[in-house]
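On the provided structure of chain A, position chain B as indicated by the hints.
Each chain, letter by letter, is given below.
2 protein chains.
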Amino acid sequence: MTRDDALALDAADALAPLRAQFEIPDGLIYLDGNSLGVLPRATAARVQQVVTAEWGQGLIGSWNAAGWMQLPQRVGDKIARLVGAGAGEVVAADSTSVNLYKVLSAALRMQRAEAPQRRVIISERSNFPTDLYIAESLAREFGCTLRLVNAPADIPAALGADTAVLMLTQVNYRTGHLHDMASLSAAAHAAGALALWDLAHSAGAVEVQLVADGADFAVGCGYKFLNGGPGAPAFAWVRPRLVSRFEQPLSGWIGHAAPFEFTPGYRPAAGITRYLCGTPSVIGLAALECGVDTVLAAEALGGMAALRAKSLALTRLFMQLVETRLAGQGFSLASPRDDARRGSQVCLARDKGAYAIVQALIARGVVGDFRAGDARDGLPDILRFGVTPLYTRFVDVWDAVEQLRLVMASAEWQQPRFHQRSAVT
Amino acid sequence: MTRDDALALDAADALAPLRAQFEIPDGLIYLDGNSLGVLPRATAARVQQVVTAEWGQGLIGSWNAAGWMQLPQRVGDKIARLVGAGAGEVVAADSTSVNLYKVLSAALRMQRAEAPQRRVIISERSNFPTDLYIAESLAREFGCTLRLVNAPADIPAALGADTAVLMLTQVNYRTGHLHDMASLSAAAHAAGALALWDLAHSAGAVEVQLVADGADFAVGCGYKFLNGGPGAPAFAWVRPRLVSRFEQPLSGWIGHAAPFEFTPGYRPAAGITRYLCGTPSVIGLAALECGVDTVLAAEALGGMAALRAKSLALTRLFMQLVETRLAGQGFSLASPRDDARRGSQVCLARDKGAYAIVQALIARGVVGDFRAGDARDGLPDILRFGVTPLYTRFVDVWDAVEQLRLVMASAEWQQPRFHQRSAVT
Chain A
1 MTRDDALALD AADALAPLRA QFEIPDGLIY LDGNSLGVLP RATAARVQQV
51 VTAEWGQGLI GSWNAAGWMQ LPQRVGDKIA RLVGAGAGEV VAADSTSVNL
101 YKVLSAALRM QRAEAPQRRV IISERSNFPT DLYIAESLAR EFGCTLRLVN
151 APADIPAALG ADTAVLMLTQ VNYRTGHLHD MASLSAAAHA AGALALWDLA
201 HSAGAVEVQL VADGADFAVG CGYKFLNGGP GAPAFAWVRP RLVSRFEQPL
251 SGWIGHAAPF EFTPGYRPAA GITRYLCGTP SVIGLAALEC GVDTVLAAEA
301 LGGMAALRAK SLALTRLFMQ LVETRLAGQG FSLASPRDDA RRGSQVCLAR
351 DKGAYAIVQA LIARGVVGDF RAGDARDGLP DILRFGVTPL YTRFVDVWDA
401 VEQLRLVMAS AEWQQPRFHQ RSAVT
Chain B
1 MTRDDALALD AADALAPLRA QFEIPDGLIY LDGNSLGVLP RATAARVQQV
51 VTAEWGQGLI GSWNAAGWMQ LPQRVGDKIA RLVGAGAGEV VAADSTSVNL
101 YKVLSAALRM QRAEAPQRRV IISERSNFPT DLYIAESLAR EFGCTLRLVN
151 APADIPAALG ADTAVLMLTQ VNYRTGHLHD MASLSAAAHA AGALALWDLA
201 HSAGAVEVQL VADGADFAVG CGYKFLNGGP GAPAFAWVRP RLVSRFEQPL
251 SGWIGHAAPF EFTPGYRPAA GITRYLCGTP SVIGLAALEC GVDTVLAAEA
301 LGGMAALRAK SLALTRLFMQ LVETRLAGQG FSLASPRDDA RRGSQVCLAR
351 DKGAYAIVQA LIARGVVGDF RAGDARDGLP DILRFGVTPL YTRFVDVWDA
401 VEQLRLVMAS AEWQQPRFHQ RSAVT
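As given, the protein sequences belong to chains A and B, one line each in that order. Each residue of the first sequence is one higher than the one before, counting from 1 in my numbering. Each residue of the second sequence is one higher than the one before, counting from 1 in my numbering.
Hints are computed from structural coordinates only; laboratory data are not their basis. A hint or two may mislead.
DEER-style ranges, computed between Cβ atoms [said to hold, decoys possible]: (1) B:Arg74 - A:Gln57: 28 to 38 Å; (2) B:Asp180 - A:Ala257: 28 to 38 Å; (3) A:Ala186 - B:Arg241: 50 to 60 Å; (4) A:Gly303 - B:Leu406: 56 to 66 Å; (5) B:Arg316 - A:Arg74: 39 to 49 Å; (6) A:Ala269 - B:Ala153: 49 to 59 Å; (7) A:Glu299 - B:Asp180: 55 to 65 Å.
Glycine included, each C-beta is placed from N, C-alpha and C at the ideal position.
Looking at chain A on its own, in the form it has when it is part of the complex (with noise of 0.2 Å):
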């Protein structure tokens, strides 16, 4: 595999296009977008729209004219086409965090007063921390338990008659780790669980079927694959014929029946409405919309089947290079090799080193990030690099790994420089 190899790949790409959505710095390797989506080139003229001519020009009459009272509808509709729901069952609003704590209250809410003895939440002890703090203050206020598991093959025996949820990422945010949603819901069904799965990591990126792989809750990031920008709006899904069983207790004006109405009494919308809770953040949906346009534009080429199938290839190769050009180096994979397992993004761990490394990779272009390992799990540091099929290229991979290849045989990497933390990583 050389270079020109992974240029060929490119040129043969039929999804090579859609790159020319986004604004993408000169120079730049980017495998950080299951961080933080890189900017769409709609985003800025849309939002400048949004603030100078809606918001300046039509002020309080734009809630009606330009649609703004709809936003989280239209662009939870649009979000439903990329995670197998139906248009009417997502909306998109709040954070990942406060979506997550509307849903599980309603799953905990649903068994507390169908199956009270059911007061166990299973999850996963390497789930992205806000879903496990959530968690934790959601089974504090409802007399339940978090279990944690350590690896997700302990995740079925770990379900039985007391339990109410199952709560997990899909992409696991650290390892990698595609989850078999169908399978998964289905083992916490017939323990007579509900299914609750964060979407942060495969919104986007790899196929996600909520409806036909039997999820009963549902929440996902609009800034990582999305590419709605720093903080975007988040989103909410509840299958259909739970939605309107249950309230979420954060029942703002906004999940009203009739917000307009100003009556003292809380009515809950019918449907996924009930989900809103304030004022819609209207700038911030803008740029989500934008976003998610990003993604849509691929269905006229093959959708998200063509951008999974992609990634696959993306990581295959990343992988297929570390091994043959950073053999001896001290990296081994920490990320699932099975194709069926592994989300879009590749992580490698090394006993010591891995954040430095990661700052001399940033130093010369090439932008993963580093996750701090848990001794608890077993789980090594690691350098995680994600790659969106929207705009990563073959050649980036290929870049990349030489860069990082580069950083190695330099030893560059031992400088002071790259040892020292930032108060973000």
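Frame of chain A; chain B shown alone:
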């Protein structure tokens, strides 16, 4: 009082130059800044900078390099200067409804631990509905009761040995009544209750003294008098001696003591930072900061005291002109005549036609809004006119009343087109 007299008041107004901070559509008289503040001139460029430079070029590095991570506290510190709070005591994040959920939860948790017999939340029936909806939800979860009084005068007598929290919006959105924060907080404390204040219609409009006036918890809105844009982030404040004693339930990662350690157990940050939840909404916070800066620009000209004095002069003029130039037209004053009890708005009640009259006025370029009455608390339908001393001129008030006079004199409000209700009012 002639139009020239109004122009003379503007000419003599030391705050008049502050209007140049805003983009106000030509010819529009905007008296709805208590619903959505107008666009500051600085906002479009700042938002563009965040989108194209900080996000587009800086990408993930901007969490550190552009200070994104500290935005909730940085903007919070600026808001603190407007509401009588100290640096490090306010965070800007989420919506008002979500923040209210956090602080009311914390207040109820505090009482459950320390005075479990206190199980009543006292509020006003005419409080903004989202406040009541959130309180209703939390009352159910905590086994408490939400008890609503019909008139401000009834509040002190409603406080007693069973009161957990007195929850009020400092300026009532419908009546414009400005509560006496100091005396009502003292009455709540004398009864052993906590005092929670929603500043949605007061932050940036009246002099708020959270610390001096004895509030325990406060939330507020970013898109009204703070000019932060549609659906801007809101804010939360907790009295320093209470803030670290209890957790709030939305325990997301950004409120963690060390979010970037990615550890599975929740450990709340010290102080107000524990009231953060998910990833900061960067674009929204940048726009909000521009809006808050427009209010802080008044500091050199007398600050909130000067803004408040002008606001009162504007509403006094409005009332005087209605009485002299609209006598016999069926309007009665629904907002307090007493300066000390009136927020930054004038409300006119009318037996019928209030909605259509507002629409006819909007067609003439004068934007106020309509709020429906409620027979249960004896409130009539109202026409609501907010004044924003940063940009409302005396001549705007004169012209608005003149246009209202013409609407009535021509009976044009009786045209069917002004009676069609839109989805959002």
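> Which numbered hints are broken by the structure, listed smallest first?
Replying inline: 6
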